[in-house]
Each structure stands twice: as C-alpha cells, then as structure tokens.
Amino acid sequence: GAGVSQSPSNKVTEKGKDVELRCDPISGHTALYWYRQSLGQGLEFLIYFQGNSAPDKSGLPSDRFSAERTGGSVSTLTIQRTQQEDSAVYLCASSLAGQGTPYEQYFGPGTRLTVT
Amino acid sequence: AQSVTQLGSHVSVSEGALVLLRCNYSSSVPPYLFWYVQYPNQGLQLLLKYTSAATLVKGINGFEAEFKKSETSFHLTKPSAHMSDAAEYFCAVSGPLGGGSYIPTFGRGTSLIVHP
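As given, the protein sequences belong to chains S and B, one line each in that order.
Under the working numbering, think of the first position of the first sequence as 1, with each following residue one higher.
Under the working numbering, think of the first position of the second sequence as 1001, with each following residue one higher.
Take these hints with a grain of salt, some might be off.
[Said to hold, decoys possible] With the Cβ distance kept under 7 Å, some of the chain B side facing chain S (calculated, not the full set):
{"id": "1", "residue": "1039"}
{"id": "2", "residue": "1040"}
{"id": "3", "residue": "1044"}
{"id": "4", "residue": "1107"}
{"id": "5", "residue": "1108"}
{"id": "6", "residue": "1111"}
{"id": "7", "residue": "1114"}
[To be verified] Below, computed lysine to any residue pairings styled on SDA-like, alpha-carbon distance capped at 20 Å:
{"id": "8", "chain 1": "S", "residue 1": "57", "chain 2": "B", "residue 2": "1003"}
{"id": "9", "chain 1": "B", "residue 1": "1058", "chain 2": "S", "residue 2": "103"}
{"id": "10", "chain 1": "B", "residue 1": "1058", "chain 2": "S", "residue 2": "104"}
{"id": "11", "chain 1": "S", "residue 1": "11", "chain 2": "B", "residue 2": "1068"}
{"id": "12", "chain 1": "S", "residue 1": "57", "chain 2": "B", "residue 2": "1040"}
{"id": "13", "chain 1": "S", "residue 1": "57", "chain 2": "B", "residue 2": "1048"}
{"id": "14", "chain 1": "S", "residue 1": "11", "chain 2": "B", "residue 2": "1040"}
{"id": "15", "chain 1": "S", "residue 1": "17", "chain 2": "S", "residue 2": "80"}
{"id": "16", "chain 1": "S", "residue 1": "11", "chain 2": "B", "residue 2": "1058"}
{"id": "17", "chain 1": "B", "residue 1": "1068", "chain 2": "B", "residue 2": "1048"}
{"id": "18", "chain 1": "S", "residue 1": "57", "chain 2": "B", "residue 2": "1001"}
{"id": "19", "chain 1": "B", "residue 1": "1058", "chain 2": "S", "residue 2": "57"}
Keep in mind that the hints were calculated from the coordinates and are not lab data.
We put the CB at the ideal spot given by N, CA and C, even for glycine.
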C-alpha cells in the first residue's frame, strides 16, 4: 500500500502487561512521528524520528514508554506495565523530512489501545 | 513556544450553510499553519496549509482558510456544508524548533456536525 499503516488496529490488554505498537511509514519518508489521541484532548506529541535517531523524545509521558526505528523504516512504540490512563488512540505519521521545512505529515489509521 | 486554540469543541450547521471553524495561534516565530480533517476511525488528512505565501489558502473539498497576522488567526471556512463534511477538524501550528525540526502542535479539535 502507498499509505502509512499501523498494527494492530485494536489492542485490548490487561493492566500491567506490555504492548508493542507498529508503524510502517510511506517508503522514502525519513521523518516519523508518534502521537497519542485521547477523547477531547487533541493530539499529544510523543516522539519524533529523523532516520533511525530520535532527536526529540520530550513528549514521552513516562519511562514506561519507549520507541525505536530500524532501517529508517518501521517503528515500534512499546508501553511497559500498561496503566488504564494509557488507553487512547496512538497515531503514527511520516513525512519526507523533518529538517528545514514543514513537510506535510501523512497519518496512519491509528491503533486503539484499551487497558482493562 | 507555539500553541493553538480552537474555539468550540463542536460546531453544528445545516446542510448548505456556511462553515466557519475558528483557530487562533501563538508562535514566537513566523508560523506555518495547517488544517487537518479526521473522519471516523481514520487518520488525519491534510486539508490545506499556509507557508508564508498567499494569505488566502485554498484546500481540498472546497475549504479555504485565511491567515491574519494581526488577529493571529487561521479560520477555516466553506461556503456550503455537505453531509460528507461531518468530521473532526484539527488546526496545527509549526515553526522552526531546535535543530531545525518542525514538529507541529495541534489544537484539541472541533467536531463539525451537519444537519440535513
């Protein structure tokens, strides 16, 4: 497919379990972003990758959250010891570049995480 | 620092009526401004963007927005609403951050409701 894909589309997990969310960006897009969308809260920035490095991790809400990107392509967002407040839609976006000019972001459909 | 305020979490219009969604921004540098639309269970899609060229920006689906520096506003309009316009709309501001990155800050969103 030509767009950004995310998996799984829905994830229900028990409190305290770890979860991994995956993002496949558009081929050739060097910049990748993770956001969290909670009801009525808009989009909360989590982390940004330029290539495989993450120059800005300022949005990660706690040390239970981590992310990596390999091969300049696929990214995984990991949440350890999930809490109920982690329940949200996690959106991934990619763009041609994050440096020097605001290229359009292309968003995936999101992963809806529910922590019970 | 940059921020976005979207006035009104919900806007309700009749089909065929004018659509006006309000966005005010705050930025310490000349901003880049965006409007995105999110349909149910989908990711965000770019409607239009302002990048310091023409102050009146035309986007997809008949939407347009006008950048007014004196009012720090970037309101979204459409002359005649269609039922298919019902969605969540997000305003975003972006400017050069540390390292030259452009990570947009999103507003909380405005839900557009269109009545037949």
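Now the hints, each set against the structure:
no.	hint	in the structure
1	1039	violated, 10 Å
2	1040	violated, 11 Å
3	1044	holds, 4 Å
4	1107	holds, 6 Å
5	1108	holds, 4 Å
6	1111	violated, 9 Å
7	1114	violated, 20 Å
8	S:57 x B:1003	holds, 19 Å
9	B:1058 x S:103	holds, 17 Å
10	B:1058 x S:104	holds, 15 Å
11	S:11 x B:1068	violated, 43 Å
12	S:57 x B:1040	violated, 29 Å
13	S:57 x B:1048	violated, 28 Å
14	S:11 x B:1040	holds, 18 Å
15	S:17 x S:80	holds, 7 Å
16	S:11 x B:1058	violated, 38 Å
17	B:1068 x B:1048	holds, 15 Å
18	S:57 x B:1001	holds, 17 Å
19	B:1058 x S:57	violated, 34 Å
Of the numbered hints listed earlier, those contradicted by the structure are 1, 2, 6, 7, 11, 12, 13, 16, 19.
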